[in-house]
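Fit chains B and C to the supplied structure of chain A, relying on the hints for placement.
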Amino acid sequence: MKTNRIHIPMPLRYIINILLTVALWGVLIALIAEGIITNYWSGILVTIGINIILAVSLNVATGYLGQLPLGHAGFMAVGAYAGSIYMKATPLGDLVRSGNTLAGLPYIIVALVLSGVVAGLFGLIIGIPALRLRGDYLAIITLGFGEIIRVVLTNIDSVLGFKFTYGAAGLKQIPKISSFTLVFICVALTCLIIHMVMKSRHGRAILSIRENEIAAESVGINTTYYKVMAFVMSAFFAGIAGCLYAGYLGSLFPSTFKFMKSIEILVMVVLGGMGSMLGSVLSATVLTVISESLRSVGDLRMVFYSLALVLMMIFRPKGLLGSYDFSMSRILEKALGFIFRPAARKEKKKGGAVK
Amino acid sequence: MKKFLAMLLAAVMVLSLVACGGNDNAGNTGDSGDASGDTIKIALIANTTGDNAEYGISVRNGAMLYIDQLNANGGINGKQIQVLEYDDKGDGVEAVNAFNLAMEQGITAVIGSVLTGPTITLADATYEVNMPQISASATAQGVTQIDPDDESAGIRTNVFRSCFIDPFQGQTMAHYAADKLGATTAAILYESGSDYSEGCMNGFVEACEELGIEVVATEAFATGDKDFNAQMTKIAAANPDVVYMPFYYTEAGLAITQGRQAGLTATILGSDGFGSIKDYASAEDLEGTIYGSGYAPGTESVAQFEADYQEAYGEAVPNMFAPLAYDAAMLMCEALKAAEEQGLAAGSDEYKQAVIDAIASMSGVEGITGTYAFDEYNNPEKSVAMIQLQGGEEVFTEFYSFN
Amino acid sequence: MSYVFSQAVNALQLGSIYALVALGYSMVYGIILLLNFAHGDIIMVGAYVTYYAMTSFHLHPLVSVVLAVVMCTLLGVVIEKVAYTPLRSAPRLSLLITAIGVSFLLENGAQLIFGTDTKSMVQEPLISGSLTLGGVSITYAALITIVVSVVSMIALTILVQKTKLGKAMRAVSEDMGAAQLMGISLNRTISFTFAVGSALAGIGSVLHIASYFQASPMMGSMLGLKAFVAAVLGGIGSIPGAMIGGFAIGIVETLVTAAGLSTWKDGVVFAILIVVLLLKPTGILGKKITEKV
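Protein chains in written order, with the working numbering: chain A, 1 to 355; chain B, 1001 to 1403; chain C, 2001 to 2293.
Okay, chain A solo, but in the shape it has when bound (with noise of 0.2 Å):
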């Protein structure tokens, strides 16, 4: 295929594109900084970081995968605790007080990394028997994995004899880290981790058992074992979510998580269109965004989010984007074909005349 594109090299590519993050980062913290947004948005702010991540982990198992976990809260949830019950055991609280949040980084990696290996261990034990089994019993059996999650978290101190989840009474005084830099890294990196590996061969072995699972298992993909790999991926995230969730309210109740919660992040994913990560980002933004306009209409708020799920699946299955993904480089080097190869450009011109 002839085309009129530029060819940037790859490690370009990646440049180019981080530094157009760090310029969003930039223009986003000067605007904190002059106080163009308020505290209110930046606290919108850091609620659409978490909600983008748990969207664009859920992706990974929903679009990518194309199985249909009802339990995404589940995770999200197990990250969160534990994360919390880390952060409370060092010295972490003292330091966001007293402003040092810096001297804290290292406590604050730790968690986060801890809360994500907790949530995939999770996801490892669920994903290993459930994924033999065909679609709807996955979705039936992390629907009941989300349910027990919730009744483990409030009943589990009395059996162990001693405070750890707290029940009901929900875990208190969690260290409030997700500042919104740190949400913003952590979303930046989400992002260009499940990149990353959906461009890698290993990605591709995952979108081909979407595709179709017994032809991909006749060419030899191990498709138990990418199936557990995607949906522990998707589980390390959501629970990178639950920690900065706790860690943006400072307190956390069982309660939070349940079976709706994990409706919602689908209904992102859904909508945004399924395999498409822009897709899952842009439906988390502007969700959140809309459910904080919709205050004064909150009832039917819901109907319109079921509404949409099912209009959405008669008329349009794949999502509002479908499987399109944004491409930053792409459009650079569509933009300086177009300036730097007109010959290209006439002869595409030529081509769609005769056609």
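Errors might be hidden in some of the hints.
The calculated lysine-lysine pairs, modelled on BS3-like cross-linking and capped at a C-alpha distance of 27 Å, are [stated by the list, open to error]: (1) A:Lys318 / A:Lys334; (2) B:Lys1079 / B:Lys1337; (3) A:Lys199 / A:Lys318; (4) A:Lys261 / A:Lys318; (5) B:Lys1278 / B:Lys1382; (6) A:Lys261 / A:Lys88; (7) C:Lys2119 / B:Lys1278; (8) A:Lys258 / C:Lys2119; (9) A:Lys318 / C:Lys2081.
Note that these hints are calculated values from the structure, not bench results. Keep in mind that this is a model prediction, so the values were computed, not measured.
The following block gives chains B and C in isolation, referenced to the frame of chain A:
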């Protein structure tokens, strides 16, 4: 065709987004009157939609009733109170976001929130900036105490409430059972996963140990359950003198009916969530049931309020949250008045501290639900109104306080 | 002894309702391989119909019951036509998400229309009174619940095994394409299946409100979930399986409570589900299905 529909769908979504942006009236529904006059802004955060919205609506109605009356009588020092209303949908994140938004509007105090979880999260945020806050309905210890399990964590000095705390309710009912009913054995049915229910239960169990009441059965159910037959059969078989049920009237109605069917004869003791239970079980099954409430319906002190509420909202007072919210608004406005009289600049640190000090030092302030004073944990010290079910009606019997 | 007997009746009463609801799940799954999440919410609608018919319009209880069953049947068919038919050839994932969407639409719509508070018809119960048997009293509601659900299962088995429509249903579930070639109307058969399933939900809603006399917007979600667990446990797609699953869940819940572990009740139910699915993925009576290329 499909493409067209997809476009249409997208267009509808965008339009609804725009429309929602248009009527984004997060607040500003108070009687501000003319904007030229000096106003005092306060935030009212309640869950007026979603699960349990009926409580949030009662709180809003009760608080607004007081403030509308106050404004009609000339406000505070000639200043009108402007209420910025926010719906938190019973969600902690939304409550904090609403508070941040309210801060930008220059509020001087917060009334709310309603459910315990969001109120604790909100209290964390108000504590950071020492913003005076009062809740009419969040009964968990953790609202005013930073960490009930860790005394050294201290208390949130800026947060108050007009309702009882959970363990206190449980203790009161246990004492009442021993004093007035001569009970020696008790059974408990509670809602696991609800800190309200578990808090009440813990207080009850503790007091039972002190008083020598033997707890012969402790059963639980999960939120949303309708079938309590197995639990009630077990409790009936243990044949206790009293059964304590610290949860809301819908489940309580079912549990009592099913308990009576299983042959339970014990007196039922309820928590303040029992208000309006008379519609949820038959008169015979309920006969003799007693619960402690924050408010004594039909008594002299609330008669005026009940009439005003009926007139303003066209319905009878639905539950105790409305009168408690009326009192919460009253307490907050009294404190604002104290700060205003000192001539401090609204919203300044001294002003906020003056409001907080004014509430903390209150003693003998008459509300419609009782006489207010606050203990070292910022909880009100007032007696409990005992309500008994007689012939299918909820009848106020006495004010009770132990010790 | 009378304690054990009482608990046994409790288990059967609870299990009967689960079983009846599970039957509906099972039938629909058997024929179009769809987990109809909205099934529990149809029960909620049926309960509201009964409530308003009795308290607002003061209809005779029998008329109210018939009205509830008819309304549920209609609702089920409408849902099938509007939401599921356009997706018959779509991927399973889309169908599943649609079902979840319909379920939430019904719940939130009900919240909007009927309000969030729980409606109680304790003052005008559908069935009242109880029977004393050897020192143990059993409510008529419990008796009727158990009898009606067993009769429903027998009737359903006869319908599927003996009638022409039943044969058509079985044929469609075996092989949709081949059934169509044999002259079976696919649309009619599927609609009929939904109608029967929803009618069962209607009966379930009546029994539910007879036993628990309350209607609330979210009542269907947990009930639906548990019944769904029952259907999977018994082997989804199998009529006796749904019955066994329903009673098993009822018995387990009662046993766990009787053992003094009531806080863990829901956890145990879902744990059993997971264990069964891992050991025998198709449930107790389910058929083994191998996926073909």
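- Query: Hey, A:Lys318 versus A:Lys334, does the alpha-carbon distance stay inside 27 Å?
  - Reply: 26 Å, holds
- Task: For the pair we were handed, A:Lys318 and C:Lys2081, check the Cα-Cα distance against 27 Å.
- Result: Holds. A:Lys318 to C:Lys2081 sits at ~21 Å (cutoff 27 Å).
- For the pair supplied as a hint, A:Lys261 and A:Lys318, is the alpha-carbon distance within the 27 Å limit? 22 Å, holds
- Between A:Lys261 and A:Lys88, does the CA-CA distance stay at or below 27 Å? 25 Å, holds
- Between A:Lys199 and A:Lys318, does the CA-CA distance stay at or below 27 Å? Holds: A:Lys199 and A:Lys318 sit about 20 Å apart, inside 27 Å.
- Query: Does B:Lys1278 lie within 27 Å of C:Lys2119 when you go C-alpha to C-alpha?
  - Reply: Between C:Lys2119 and B:Lys1278 the Cα gap is close to 13 Å, so the pair holds against 27 Å.
- Query: Is A:Lys258 close enough to C:Lys2119, meaning Cα to Cα at most 27 Å?
  - Reply: The hint holds at about 24 Å.
- Item | Given hint B:Lys1382 paired with B:Lys1278 - CA-CA distance at most 27 Å | The given pair, whose Cα atoms are some 25 Å apart, holds under the 27 Å limit.
- Within a Cα-Cα threshold of 27 Å, do B:Lys1079 and B:Lys1337 meet the stated pairing? 10 Å, holds
Every hint from the earlier list agrees with this structure, and none is contradicted.
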